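S.K.: Residue numbers (this note's numbering), protein chains in the order written: chain A, 1 to 201; chain B, 1 to 106; chain C, 1 to 636; chain D, 1 to 462.
What the hints contain is simulated information worked out from the structure, not anything from laboratory work. Any given hint could turn out to be false.
Derived Cβ-Cβ restraints for the label pairs, each shown as a range [stated by the list, open to error]:
| # | chain 1 | residue 1 | chain 2 | residue 2 | range |
| --- | --- | --- | --- | --- | --- |
| 1 | C | 183 | D | 453 | 48 to 56 Å |
| 2 | D | 342 | C | 530 | 35 to 43 Å |
| 3 | D | 342 | C | 585 | 23 to 31 Å |
| 4 | D | 251 | C | 66 | 45 to 53 Å |
| 5 | C | 550 | D | 424 | 36 to 44 Å |
| 6 | C | 585 | D | 394 | 41 to 49 Å |
| 7 | A | 161 | D | 58 | 25 to 33 Å |
| 8 | A | 161 | D | 256 | 27 to 35 Å |
| 9 | D | 426 | C | 567 | 57 to 65 Å |
| 10 | A | 153 | D | 187 | 54 to 62 Å |
| 11 | D | 186 | C | 585 | 34 to 42 Å |
| 12 | C | 554 | D | 426 | 44 to 52 Å |
Remember, predicted model here, so these are calculated numbers, not experimental data. Ideal placement from N, C-alpha and C gives every residue a C-beta, glycine not left out.
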Amino acid sequence: MSAIFWVPAIVLVASAVWTVTASKPVYSVVALLLNFVALAVLFLTLSAEFLAMIQLIVYSGAILVLFLFVIALLSSGVAPLSLGPNRLPRIVAPAAICVAVALGLVLAGVATSHGIPAPPRAAYANAGSAGMPGVFGSVGDFGKALFTTYLLPFEVTALILMVAVIGTIVLAGDETPYVASRRRAEQNRKAMREAIAREGD
Amino acid sequence: MPAHLLPMPLANYVSLSAVMFFIGVAGVIVRRNPLIMLMSIELMFNAANLLFVAYARAWLNNAGHIFAFLVITVAAAEAAIALAIVVVAFRSSDRVDVDDVRTLHG
Amino acid sequence: MILVALLLPLAGAALCWAFGPRLRGAAGWLATAAVGLSFIAILVAGSGREALFTWMPGFDFGLSLDRLSLLWSVVITGVGCLIHLYSIGYMHGDRGFARFFAYMNFFIFAMLLLVLSDNWVGLLIGWGLVGLASYFLIGYWFDRPSAVAAARKAFVMNVVGDVGMMFAIFLLVANLHTIRMSDAFASAASLSPALLYAICFGLFVGAAAKSAQVPLHTWLPDAMEGPTPVSALIHAATMVTAGVYLVARCAPLWDQSASAQMLVGTIGALTAISAAILGAAQWDIKRILAYSTMSQIGYMIMGVGVGAYAGGIAHFFTHAFFKAQLFLASGIIIHALGNEQDVRLMGGLRKRMPLAFWGILTGVLAISGIPGFSGFFSKDQIVAGALAHGHPYMYAVGIVTAGITAYYMFRLFFITFLGEYRGNVDPASVGITRETTNAAPHEPGDDAHHAPAWIMGLPVALLIIPTVLAGWLLFGSDASPSPWSRFFAPQFAGPATAAVPIPDWLTTAITFAVVLIGIGVAALRYATSAARADAVARLRSESLNMPKVLTHQYYMDALINFVFVRGARLLGAVFGRIVDPFVIDGAVRESATSAQSLGTAVRALQSGLLRAYAFVIAIGAGCFLVYYLVTGLPHR
Amino acid sequence: MIPLLIILLPLVVGVLLYLLPREDVAVSKIAGAVVAAATVGLAIGGRTEEWTWHWFAHPFVANFHFGATFLSHWLVVLLTLCTFGAVVSTKVARTRSMIASLLFLEGTMAGLFLTRDLLVFALFWDAMLLPVFFVLLSWGPHPSIAWRYFLYNFAGGLVLLLAVAAFGALVGTTDVIGNPAYHGLTSGWAPWILAGLAFAFLVKTPVWPFHTWMPATYEGTPSPMVAVVSGVQSKAGLYGFIAISLALFPQYFAREAPVFAVLGVVSLLYGAFIALVQSDIKLVVAYSSLSHLGLVLLAIASLNHLAIEGAVVYIVAHGLFSALLFIVLGYVEEREETRSLGKLGGLGWKNPRLTGAFCVAALAALGLPGLAGFAGELVILIGVYESGYVWAAILALVAIVTASAYFLRLLQGATQGPEVADLPVRPDLTWIEGLALAPLLFALFYFGVYPHALLASGWLHP
């Protein structure tokens with residue numbers, strides 16, 4: 001029974017380490033994919049099947065593909081660790097130490113604390129076996145909450161996505177509106193200068 | 001299995017999330033490739049999501065699920081914007097190194 | 001009716017001020033009529049009390065006319081009316097004719113407000129407005145720097161007095177919760193002696209400033225910069241006696257505080273003698289009269305201070321006549337001589353100006369205390385009163401001062417009217433150095449002489465009557481009290497006086513003997529035929545040998561100037577030029593620079609390196625983590 | 001509705017003025033004067049009107065709640081009177097912009113005085129700085145003066161905003177000015193909130209040692225504007241002290257009152273002595289303002305009923321005579337082309353009517369009995385004495401003597417003495433110039449003879 005936790009957990013940590021240490025971004029992407037899958041499995045064991053699906057679809061299907069595109073686009077992500085002297089050599093060691101200490105602190109805190117709050121007494125009304133409609137974590141349950149109680153955050157998220165789309169277009173578009181207008185203005189000025197020069201003759 | 005019981009004690013999930021989170025932190029600080037830094041950030045997001053979902057299960061309250069969902073959405077938006085910035089910043093350079101970008105220097 | 005009497009001069013002032021240019025000569029008659037009508041209204045009203053309105057919450061205004069204020073109002077409006085009439089002639093053709101009468105009428109209004117108010121605040125308002133009117137009139141020829149300076153000095157000195165009164169009023173109102181004077185007097189006994197002394201002290205600061213008592217006296221001689229009728233009205237007959245009025249009005253307060261009486265009596269005596277000595281050292285006719293005014297007011301203050309109220313105010317009454325008389329008569333001389341005020345350049349005027357001669361002669365006889373003339377009776381009462389109330393030193397000072405007064409007044413008289421006319425000798429030959437004279441470049445224009453002579457002559461002639469006769473009101477004995485003391489008996493119910501060691505007739509005799517000595521000395525120095533023949537040389541040597549301490553008025557002016565005026569200006573300069581720009585602004589600038597350097601320091605943190613920022617964020621997050629681990633999670 | 005009208009009318013007309021042609025000086029002046037006169041009427045007539053619009057309820061309640069209280073009624077009357085005088089007396093280059101700025105200032109300050117809500121108060125506090133700032137930028141001798149004015153006062157405004165936000169968070173509503181339902185704040189934060197409010201108020205008034213922005217501002221601002229700034233804007237701080245600090249934090253303010261009393265007395269003397277040696281006529285009045293407003297602060301800090309009544313009278317009186325003085329000084333400067341006391345003189349023969357107005361203003365300022373300044377001064381000092389600050393009352397008397405000295409120096413230096421010969425004689429007060437002064441002069445006399453009119457109508461908080 002514990003394997004259902006430990007196997008994904010080990011995969012999770014290992015793939016995370018690989019992601020961070022991979023020499024090429026492409027390897028990182030692969031490692032991250034592994035990480036996401038392991039996480040989805042963990043979500044399933046926690047009876048969050050809808051989220052598990054989302055995790056796979058959005059993260060693995062969309063975000064990682066986006067990463068791949070960018071890697072391909074820049075085509076310079078091939079030699080990440082051979083880039084010359086690190087400009088922050090002094091940061092790395094202390095950072096590692098700090099991170100390790102912080103992690104240790106958290107783990108120690110978790111280990112020694114008896115205070116991880118127990119489940120509240122008012123348990124979920126329709127708790128049942130996973131996968132059943134209307135039960136905790138099911139799509140229906142999730143959807144009902146999302147579109148009633150949490151409607152406003154949901155709408156705001158939609159707005160954020162919208163902003164992201166526009167922002168991406170503005171930032172990365174080859175011919176952004178801003179650039180275009182500037183170019184047109186420049187052309188106009190140039191034409192006017194030439195016209196004036198001609199009249200001067 | 002009673003619905004309110006977790007497969008494992010909650011402490012395991014918290015520890016797992018912490019480990020993953022700090023791996024992400026280390027990645028952001030140590031790596032110089034912006035793409036890998038971004039992926040490290042995704043790792044941190046996921047660590048947070050894991051906690052949300054674990055606690056949602058422990059307390060049988062699906063607010064955690066909702067927030068995990070929102071995190072995923074925001075992460076998607078963030079990735080899109082961040083990648084756009086990376087593309088703009090490094091489009092014309094032959095190497096990808098965040099330390100090359102210092103326009104924020106005061 | 002009291003209100004009508006009060007407002008008539010104000011209306012006159014407003015009319016003269018607003019329509020001055022159009023009224024021209026009529027302004028003078030209008031103003032005179034306003035004061036005259038006011039005089040009649042006062043007499044018609046006789047006595048009474050009128051409530052006016054609520055000035056502030058708990059501050060109810062009203063007017064009251066009792067015997068004391070009746071006396072003052074009658075003198076103010078009566079003498080005021082005559083002086084207005086005189087001014088029509090004196091100021092004829094002046095550039096600001098209507099303005100002058102506006103100021104004069106305004107003064108009458110303020111003075112009436114002062115004496116008619118039944119409460120402290122009304123009194124204070126009148127007190128301040130009187131000072132303002134005096135300021136306007138002293139500075140009437142305001143293109144003359146000396147007049148401007150004198151006016152400012154008078155005003156500021158008077159504000160010192162106002163402030164003293166305000167202090168007394170705080171004490172009274174804060175402790176008795178009423179501004180009605182009669183209420184305050186009724187409950188005066190409930191005040192502690194120290195408080196009472198403080199109140200009397202504050203009031204007396206006001207009185208001393210207004211009445212030119214030492215050490216707040218320096219403005220009065222300078223105030224002679226104003227036109228002569230102003231000197232007659234304000235700086236002799238009425239305003240300067242406001243201090244006497246105040247002390248007499250507050251008799252119930254003074255009666256309770258022997259130390260306050262001692263203070264007032266001493267200051268009065270000191271002023272009487274010191275001003276008399278200075279009066280003997282002056283050459284400017286108006287300044288001689290100014291010092292004599294100070295000295296005579298010193299008498300009055302001494303009288304009311306020691307508790308001889310009826311005597312003190314009697315001297316006010318007689319003094320108002322003979323001093324107005326003296327000023328107006330001297331005004332005739334000044335006017336006729338083209339604004340010459342230095343007696344060394346006069347002489348032999350008896351034939352040329354008989355009216356002035358007779359006017360000044362009666363005035364001099366009255367002020368010197370020659371029996372039968374008005375000053376004799378009132379001065380005698382004060383001197384005897386000082387002894388009766390147990391102050392032998394003041395008694396002695398009173399007698400000595402009477403002698404000095406006789407000396408310098410007859411000196412004035414002899415130099416001016418006897419001998420040869422010296423108006424055409426070289427000023428230097430009589431010892432005049434130009435700084436001591438202030439020949440006015442700006443007295444009324446040449447056409448001044450077109451005014452009919454009777455306008456200026458009539459008031460002088462009329463004033464001769466009370467100057468000679470007014471004193472007989474005081475004639476009486478223990479058996480049959482004088483009309484004066486019968487009239488004021490209900491006003492001043494002071495404590496009974498002690499037995500007098502020296503009988504009254506002896507006091508009179510001693511005083512008269514001293515007066516005769518004074519006249520004798522003056523006659524020896526200025527009136528003998530040898531002195532008359534040798535007048536120019538004698539005046540010259542006297543001018544040159546005059547003690548410096550007297551020509552500089554005991555250096556009081558210099559002292560006040562050095563300590564207060566210079567001190568305040570120095571303080572202002574230090575604050576304005578050093579503290580403000582360097583200390584306070586310096587602190588502000590310092591904080592601005594330190595903020596800047598802090599910014600420079602923080603700037604180094606902005607490396608622009610993304611990962612450094614991330615690291616800093618991580619450290620921050622770590623700090624929170626540690627904090628929560630240490631303190632535990634917040635519990636709801 | 002009337003309070004809203006008093007606020008909006010000047011603002012709207014101010015904007016509309018910009019639609020006029022730039023050269024159309026007369027129309028903008030007439031429009032400004034009509035608006036100002038209309039607001040005078042509205043202010044006097046609309047005493048009891050209130051108007052509320054609920055703004056937000058979370059995290060605390062804040063309302064656009066306008067309506068005059070006892071003190072603010074008189075302040076608005078004063079404001080509208082001064083604005084009227086200022087508009088009519090305006091004679092500068094770019095008249096249209098100046099009049100628009102004056103109207104903006106009137107509108108924002110009317111908002112400040114009329115609002116019953118602390119948050120709105122704080123917003124108007126910052127808004128009223130802007131017209132003066134822009135006037136200083138465009139007419140002042142140097143932009144640094146404008147920045148100095150703005151930074152000092154805006155720093156005060158920010159602290160005020162913080163304090164108000166904290167107040168709102170603690171109390172749950174900021175709609176508390178003149179609200180009888182509000183019963184005081186008891187919290188450990190109260191002294192800090194009070195300190196924040198006091199900082200803003202002290203800077204604005206100004207009070208020593210926060211006054212160093214003031215002389216340059218008063219000197220550099222054109223006369224019409226400085227008349228309103230000195231006459232009314234400086235009262236914003238004192239109004240705050242009375243209507244907010246004193247009324248909303250009675251026990252905390254009482255605890256800190258001695259500090260304010262000391263600051264008041266220091267300002268009183270400090271301003272008086274500096275005014276004694278200034279040679280610029282506007283600076284004399286500027287420092288006298290420091291001195292006089294110190295007296296009002298002292299009155300407020302004495303916590304004495306009588307003194308605060310006196311303070312109300314004196315606030316109005318000071319507004320009247322300082323506006324009058326600055327307008328008159330503007331006329332004098334325009335005629336004599338200098339502000340230096342050393343070069344002025346002899347105005348009395350050339351311009352008797354102007355001199356008369358100058359005289360009344362200066363005499364009122366030095367506390368002449370019978371004019372409005374005296375009533376406030378006397379009652380304040382009686383109250384201060386009654387409350388036990390005997391030393392303060394005595395020092396205030398010293399300042400009164402000094403005031404008479406420096407105001408006479410000002411008055412005599414400008415109007416008396418020998419005439420300055422090398423200038424052509426300029427015409428005396430024209431009727432338009434007189435019209436600007438007349439309401440102020442009338443009020444000065446009226447409230448001087450009958451100050452009870454100011455108090456007869458009731459009282460804000462005991």
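S.K.: For a quick check of understanding: which of the numbered hints are violated here, in increasing order?
M.R.: Going through the list in order, the structure violates hints 1, 2, 5, 6, 8, 9 and 10 and respects the others.
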